[in-house]
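> Each chain, written out:
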Amino acid sequence: MADNYANTADKSVLWDWLTTVDHKKIAIMYLIAGTLFFVKAGVMALFMRIQLMRPEMEFITGQTFNELITMHGTIMLFLAATPLIFAFMNFAVPLQIGARDVAFPFVNALGFWIFFFGGLLLSVSWFFGGGPDAGWTSYVPLASREHGGLGIDFYVLGLQVSGIGTLVSGINFIVTIINMRAPGMTMMRLPLFVWTTLVVSILIVFAFTPLAAGLALLMLDRIFGGQFFIPGMDGNVVLWQHIFWIFGHPEVYILVLPAFGIISEVIPAFSRKRLFGYSAMVFATLVIAFLGFMVWVHHMFTVGIGPVANSIFAIATMAIAVPTGIKIFNWLFTMWGGKLTFNTAMLCASSFVPTFVLGGVTGVMLAMAPVDHLYHDTYFVVAHFHYIIIGGIVLGLFAALFYWYPKMFGHKLNEALGKWMFWLFYIGFHLTFFVQHILGLIGMQRRIYTYLEGQGMATMNMISTIGTFIMAFAVVLLVFNVVYSAYKSERITERDPWDARTLEWATNTPVPEYNFAQTPQVRSLDPWFYEKVHGDGTMKPAEPLDDIHMPNGSILPFMIGLGLFIGGFGFIMMNMENPIVPPLLVVILGAVLTFGSMGLRSIKEDHGYNIPLERIKKIEKEAS
Amino acid sequence: MSQWKRLLQYLTAASVLFVLAGCGEEGITALDPQGPQAQWLYDNMLLSLYVMAFVIIVVFVLFFIIVAKFRRKPGDDEIPEQVEGSKTLELTWTIIPIFLLAILAVPTVTGTFILADTDPDPEGSEFTSGSGSSGEEELDEDEVAEDGVTIEVTGHQYWWQFDYEEGFTAGQEVYIPAGEKVEFELHASDVMHSFWVPALGGKVDTIPGITNYLWLEADEPGVYQGKCAELCGPSHALMEFQLIALERDEYDAWVEEMSEDPEEIQDTGEAERGHEVFEEQGCIGCHAIGGSGSAAGPTLTNFGDREAFAGILEATDENLEEWIRDPESIKQDNDMPAYPEESINDEDMDALIEYLQSLTILEDE
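Taken in sequence, the protein lines are chains D and B. Just so you know, the UniProt record's numbering puts 65 at position 65 of the first sequence, and the rest follows in order with no gaps. Just so you know, the UniProt record's numbering puts 25 at position 25 of the second sequence, and the rest follows in order with no gaps.
Since the hints were derived computationally from the structure, they do not count as laboratory data. Ideal Cβ positions, reconstructed from N, Cα and C, are used throughout, including at glycine. Heads up, some of the hints might be wrong.
As the list claims (entries may be wrong) - To give an idea of the interface, some chain B residues facing chain D are shown, with a C-beta separation under 10 Å as derived from the structure:
| # | residue |
| --- | --- |
| 1 | Asp-32 |
| 2 | Gln-37 |
| 3 | Val-55 |
| 4 | Phe-60 |
| 5 | Ile-65 |
| 6 | Val-83 |
| 7 | Gly-148 |
| 8 | Glu-152 |
| 9 | Thr-154 |
| 10 | Glu-230 |
| 11 | Ala-271 |
As the list claims (entries may be wrong) - From chain D, some residues computed to sit far from chain B (all C-beta separations above 10 Å):
| # | residue |
| --- | --- |
| 12 | Leu-18 |
| 13 | Gly-304 |
| 14 | Thr-341 |
| 15 | Pro-354 |
| 16 | Phe-473 |
| 17 | Pro-551 |
| 18 | Leu-593 |
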C-alpha cells in the first residue's frame, strides 16, 4: 500500500487534476469553472445593457437579445452561482465538521464533471444556430417543438446533464454531514454554513428531481413527438410552469441559504462574537426551506389559477418574511456589542444585511397577489431578484472568497484592491438595479429588447447601464486582485490568519490532503474558539496518530461526464436537419462510455492507499 | 378619524410623489393611475411601501448604529461578551412582523377576489367610489350584465385581435366606454402573451388552450398604451397596442359603424386605385375590412383612425410605407410579407396608403 502512495506523487499536474477526488481540489475546480461561467454571463449582461442604453437602439436584434437573456439567466443560476456555492461547500464543509473528506469522494468528482460537461453542452449551442431563446424559464409553447429552435434542445439536455451532477453532489453532502462529523460535533454544534449546506442538499434532492422530470417531458415533446405541453392535443402549457416553479422557487433558496450560511460564519468571525440566537437561526433555516416548497404559485399569479389558490399562496409567501426577518435581526445583534473589523470579507458580509432587506421587502410587496398583477413580468421583478441574487448571493460569495482564500491558497487577497472592488461593485449595483424598480412601475415590461421613445424610460435606463459598467469594472478589479495577490501577496503558514472560530482554522495552512492528522474532539459550538479561550489553543485529538487511509484518484468520473455529454449531444442531433453522423450512433457511443465506465468502476477493486505514519509526522512537523 | 386618515394619506402620498414625480408618461405609467383598478393597485402598493419602509428604517438605523459604535480599535484584543441570544428579542422580531404582514394580508385576499370578479358592469367596478355594489344589488347583476361590455382578446405573435359581442373584429386598438367596468376574455393563438394596460390596471396572461378573464375601467376618455408582458418571441418588445376609451354615446356610435358594412370607397380616384391594389396584392387574404376578408392579420376596418401603425410606429404615411415595404426590418419574425417596389410601385403605394388612411370610423375632430 505504501508503494501506491509513492505512485501518486509522480502524476503530471493535468492528470492529477483530472483524476482528483480530493474535496479541496474539487472545490478549486468548481471555483474556476464557476468564475468562467460568471464572467461569460456577465459579458452577456453588458451586451444587453448596451442595447437598452437608449430607446430603440439597434445594437443587437430581438432574437439575439432573447438568446442573451436566456443564457444569462440559465448560466448565472445553474452554471455560475451553483458551482461557486458548491466550491465553498466542498472546501469548507468537511473541514468544518472535522472530516477527512466527503462521504463519497468519487461521487464528489463525478458531480463536478457531470455538472461541467452539462454546462459545456448548453454552451456549445452558440455554434449550432444560436442559443436557447425562450427565457431561463423556457415556457411552452414558446419552447415547444413548433415555436422553439434547436437552442431549446441544448437547454433541455444541457440542464438535464448538469442537473444530475448537482443532484449527486447534493446527496453526497447529506450523507457527509449526517455521517462524517467528528466526535462531539452534534447537530446543534454544526456551524451554520454546514446547517445550510445540509438543508440545501435536501432541497436539491426534492427540487432537482421535478426539474429532471419536467425536462424529460419537454425532451419527449421536442424530440420524440410527445404532447404533454401541446394545447389542442390534450396537453397543458400551464403544467410546465407548475413543474418548473416547483423546482424554480426552491432553487432560489438553494442558492441563497448557503449565502446566509456564509454570512453567519463571516459576521461572527469579524465581530469576535458568537452567532446571536444560534438555535433560532437553525430553526429559521428549516422553516424557510419548508415554506420554500409551498409558494411556487406566486410566480404564476397572472396565469389565472383562481382567487382561492392565489390568496393561499400569497399568504404562504408572506409567511417566509418572518423567518427571514429573524435571520436579519440575529445578524444585526451578532454585530451589536462586538468588536467589528471591516476588511473586505466583513464589508461584503455586513452590507449584505441591509441590501438583502431591500430585496426582501420588494419580495413581500410582490407577494400581494392582486398588486402583483401590476409588478409581474416588469422590471420591478427584475430589480427584486437581482437585489436577492446580487445583494444576497454574490455579496455572500465575495465574502466567502475573501474569508476562505488564505486557507484555500495559502495567501490573502490584497485588501486595498478588495475594498476598491467592494465599493465600486456596491455603488454600481445600486445604480443598476434601484432605478429598475421605478422602470417597472412606469410600464417597462421584462425581457424586452428595446423600448419606444417618448415613454419616459430613457434616463433611468441610461443610469442602469452606467451602473452595470461600474460593476463590470469591479469584477475586473477582483480578477486582477487574484492575479496580483498570487504574485505579490505574503505567503502564510499560520493556521488561523483571521483569529476565527470554526474547525477549518484548526488545521495546517495549506491544508494537507488528509485535513486533520488526528480527528479532533469537539467540545462546544465554535470549537476552535472554545479551545483558544478555554483550552490550550489546540484541538484535543479523538484518535491516536496512525496511518491514514485515503481514496485513489480516478479518471472514471471524467469519462462518465464525457459520455453524458456525447449522449446528450446525440439526442440533440436528432432534431438537426443534416447531422453528419447518425444521431443514434452518437447516443450509443455516449451510453457505452458512461455505462462502461460505471461497469468498470463496479468490477475493478480499488482499496485506496494509506499515508504512512512517518510521512504524516513529517508533514505536521514542517507545518508547525 | 377620517381627518387624520386624510392628513396621513396626504402627507405620505406627497412624500412618495415627490420621489416618483416626473417618472413615466401619462397614459402609460402605473404611477399615474387612470382607473379604479389602477388606483386600488397604486394605493395598496403605497400601503405595502409604508409598512416596508418601517422595516427598512428599523434595520438601517440599527445597522448604522452598529457600524458607527462597535468598531474594533487597533490593538484592542479584548474578547467581547459571548451572548448566546435572547428569547424576548427573538419573540419580538417574530411577532411584530406577523402583525405587519397581517396588515397586508387583508387587502391581499379581498383584492384578489375583487380582481377575479370580472363580470362587466356599466355602473363601474366595486373599486369605483360611490357605486360600490352591495350584496343586494348583486341580485340584479344578470339584468345589468346584459348591458355590460365584454370583449374577446386574442394575442398573436405580435399583434392583438379584439372581437366584440356585436360580431365585428378590431385589430391593434381596442375601444371601450369610459366609466364602465369592461370584461376582457383572453385567448392566445400561438404562444403565451400577457395583456397589460399599465395606466388602467393589472395584467393577465393569454394562454393557448385556456381562457382567462380580466376587467378594466377607465375613468376618463383617452388613449392608454397597452403592452404584451410575457416573452413571446423576438418582437415581444414591440407588441404594443392602444386602448381607447370613449364616452358611452360615442362608443355606441363607434360600435354601430364598425358593425355595418364598409362605406363605399370615397371617389377620390386615388383611394379607389388603392382599393384595387389592396385586392390585387392579396392583402385581403389576411386583413379583413368590415365583415369581408380573413382574420389572419389585424383587421383594417378603422385603419385610418389608428393612433399607431403596427402598434408602435407613429401614424404617418412615411412610416406606413416603410412598414409595408419591409415589415421584417421593423418587427423581426412577424408574419407579414414584404412588398418591395417590384411588387407595388411607388404610385400604387401612394394610392394604397391613401386608401388605407381613408378607412375611418370616428368623426373627424
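> Could you run down the list of hints and mark each one as holding or not?
Hint check:
no.	hint	in the structure
1	Asp-32	holds, 9 Å
2	Gln-37	holds, 9 Å
3	Val-55	holds, 6 Å
4	Phe-60	holds, 6 Å
5	Ile-65	holds, 8 Å
6	Val-83	holds, 6 Å
7	Gly-148	violated, 20 Å
8	Glu-152	violated, 15 Å
9	Thr-154	violated, 14 Å
10	Glu-230	holds, 6 Å
11	Ala-271	violated, 30 Å
12	Leu-18	holds, 40 Å
13	Gly-304	violated, 4 Å
14	Thr-341	violated, 5 Å
15	Pro-354	violated, 5 Å
16	Phe-473	holds, 25 Å
17	Pro-551	holds, 39 Å
18	Leu-593	holds, 37 Å
The structure is inconsistent with the numbered hints 7, 8, 9, 11, 13, 14, 15, although it conforms to all the rest.
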